[in-house]
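Q: So the chains spell out like this:
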Amino acid sequence: MTQATFEQLVEVSLTVNGERVDARVPAGRHVVDFLRLDLGLTGAHAGCEHGVCGACTLQIDGEIVRGCLILAAQMDGAEIWTIEGVTDSKEIADLQDNFVERNALQCGFCTPGMIFAARDILTRHKGVPGRADIREHISGNYCRCTGYEAIVDAIETTARARNSAKEGAE
Amino acid sequence: MKASVAGYARAQSLDHAFNLLHSALGEAVVIAGGQSLVASLNLRLSEEALLVDIRHLPELRGIGVRDGFLRLGALTRHAELASDPLVGEHVPLLAQAAPLIAHAAIRSRGTLGGSLANADPAAELPACMIALGAEILVRSAQGERRIPAHSFFEGLFTTALEESEIIIAVDVPLKTAGDQHVIQELTRRSGDYAIVGLAGVKSVNGVRLAYFGVSDKPVLAAGAMDILNSGGSIDDAVAALRGDLDPESDPHASAEYRRHLAAVLMRRVMVDLTNS
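Chains as they are written, first to last, in our numbering: chain A, 1 to 170; chain B, 1 to 276.
The following block holds chain B by itself, in its conformation from the complex (with noise of 0.2 Å):
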């Protein structure tokens, strides 16, 4: 269907961004790439929306390596993320994250900031961010904050983000020597979001393990974790999975098949992590 869109406004600076938003009264939504929010205007799954368009802010852009971590601008583009040296040296998890997102003419033109804003529970983005330790820089006209990834998605397409707020930049930890990071996903076509996915992270502090398609949000698998981080083997770890993981059945899989995709996929990335 055509998009349903009440108006459109190009923001020229991040205080006209707070401005519009401000003056629509909770109405307006923010577009970068637009790649998961024109298909849900086209398939009148969003109220018409009076957009702001933020794609042009020069202070939303750029990769560089900023206090011990690597700053991301939020309308870095999947496809740069795929590219960029520095995230390939730094943060090789987003490396390999970006090609499992969709197709290459997406790619060119989704967003970071637009992935973690709209918060799809079966997305790559904000399982990384959470196995990552990331932080979220926001801002307002009121000034900026810092939300932890583990905080910041709440539910279903809701996170911690407020309507006056515009996602800035990501803050993700710098990779030191020894640290592994590997994401795997379950798919039945190239492109489609994860049946069941797993980004992994092994560094001085252990494991970390954040799955996606398995709830209405991204989850970490804290009590495998721990029992992979006190020296407990992988058979235990993947017990308590259940614990860990409660997830749904829907037209794409059965809520025991997604157990045991996430038991297949813990198997699977525990051996990247730990051989390489």
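Extracted from the complex, chain A is given alone in its bound form (with noise of 0.2 Å):
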């Protein structure tokens, strides 16, 4: 029978941004904070923290989640990107150049969880989705600046470029 204890401080060994992390966290450390705070990885954004504003989205074995609603505890065995890390790769230069093009963001804070929100709709929809479809997909991140006319426009022109991208080379 393996042992029936608590810890306090849990181990983990996971993935984040393709490099191995092996670390003892606090039970009730948030992944968002383990990021930002152990890591230093300060692209996802602690916001309200408990899981309504958005800010904190990021990617765990290959889903869109919330950085807050997580516990880092949980993480072990599990493959974690950031917006560092997708931001490295360049797979969503086109999608960043194009919120920065249509001025999708101001303070910037929701930016990195949104450009998640919008490369998961860009990524699961075949086609260019329809504004309202992309309104619903970012409907859990939150924006204070712009009025997210511009962030949709943002989204269905990467989606429009892409779906010609691809109807080009077929």
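Just so you know, these hints were derived from the structure itself, not from any lab. Everything numeric in this text was worked out from a predicted model, so none of it was measured. A couple of the hints might just be wrong.
[What the hints assert, rightly or not] Which stretches of chain A does chain B cover? Using the computed rule of at least three CB atoms under 8 Å from a CB of chain B, they are:
#1 43-54
#2 65-72
#3 86-93
[As the list claims (entries may be wrong)] If you only want the chain A side, here are some residues facing chain B, beta carbon under 7 Å, derived:
#4 E7
#5 Q8
#6 L9
#7 S13
We put the beta carbon where it would ideally sit given N, CA and C, even for glycine.
Mind docking these for me? Both chains are given alone in their own frames, and the hints should help you get the complex.
A: Rendered as structure tokens:
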């Protein structure tokens, strides 16, 4: 029988942006705080800290999640990607350029999370998603600067360009 | 705020999980996706908890047809309910309900078992299980029992689950030809908890209508169902809601507004249940 003990410091082994990380984390540490405070990856932002604002959105095991609703203690074996990782890989350079081009950010606090939500619908949606679909998919990410219109523009522009490139290649 | 957690243990097996729950003398809480639990730990709504993580247990996973039921493992995530072909074919109500739950970044993590154990009165899945006549399988070190959904939800965030028990799976009756499943809810913003919602199932046994967001637990509209199932009019069924529902006022909506919305939803859901 495995021992019935609870740990206050939990050992985890995971990958972050493709690099292996071994750490001992306090049991109540949020993933977003683990990334920001322990690993110095400050791209994911801690906003409301109860899963509403979306500023801490990042990718774990291939899916977008809230970094403030997941404990680092649960991350043994996980594969985490943050905005730093997906920026370095250049896979979303077009989306980021379109955010700048369309003025889809002002203060930038929501942007890393918003980019992850946008990247998610761009990856999942076949063809060009409608503006209503885009709005629905980013509905869990608050932006207090832009009024969202420019963000939807930037995502739609990226979807159209990617779709044209794909059709051109076929 | 930061989560208030006193300790964490990753269960290596169900027996290990039972052992952990036992050793914590009632101080432990089971965590899987954590999408409601961690939020409540952050808000300090829950006491400082010892967490038993069951997220890795394979016996709590899987979706399959079995003995006339669709068996859904407790760790089935909302995103899976939305996309799984067996759910879409056999229990379309759950496939319709899943996209109404929160947002993509939460549906990727939140689980069926977690939603039922949490028993938020405004949540979709508890009401769906009542409308469907599902049974919830729970297990402890002493053995397993099946709890009908209608007696599982006892009140605000309160269920028939004992401290020593863990939800294993849910058995949902399979949709048969001619059955209809519909869920509708009214929210101010996409992804919010419903101000009022209604899950409806039409089968050879008649119509079952389960409301959420109108009480401290999901409510079967028994009076309205009796009228509809004995050939009565929709107007009479709507009138019977006065006796079926006793909503309270809160900052989101007054009791009277909730009553109004409940009637609106019944008419909309009955159109969908009977026309398609």
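Q: Among the hints numbered above, which are violated by the structure, and what are their numbers in rising order?
A: 3, 6, 7
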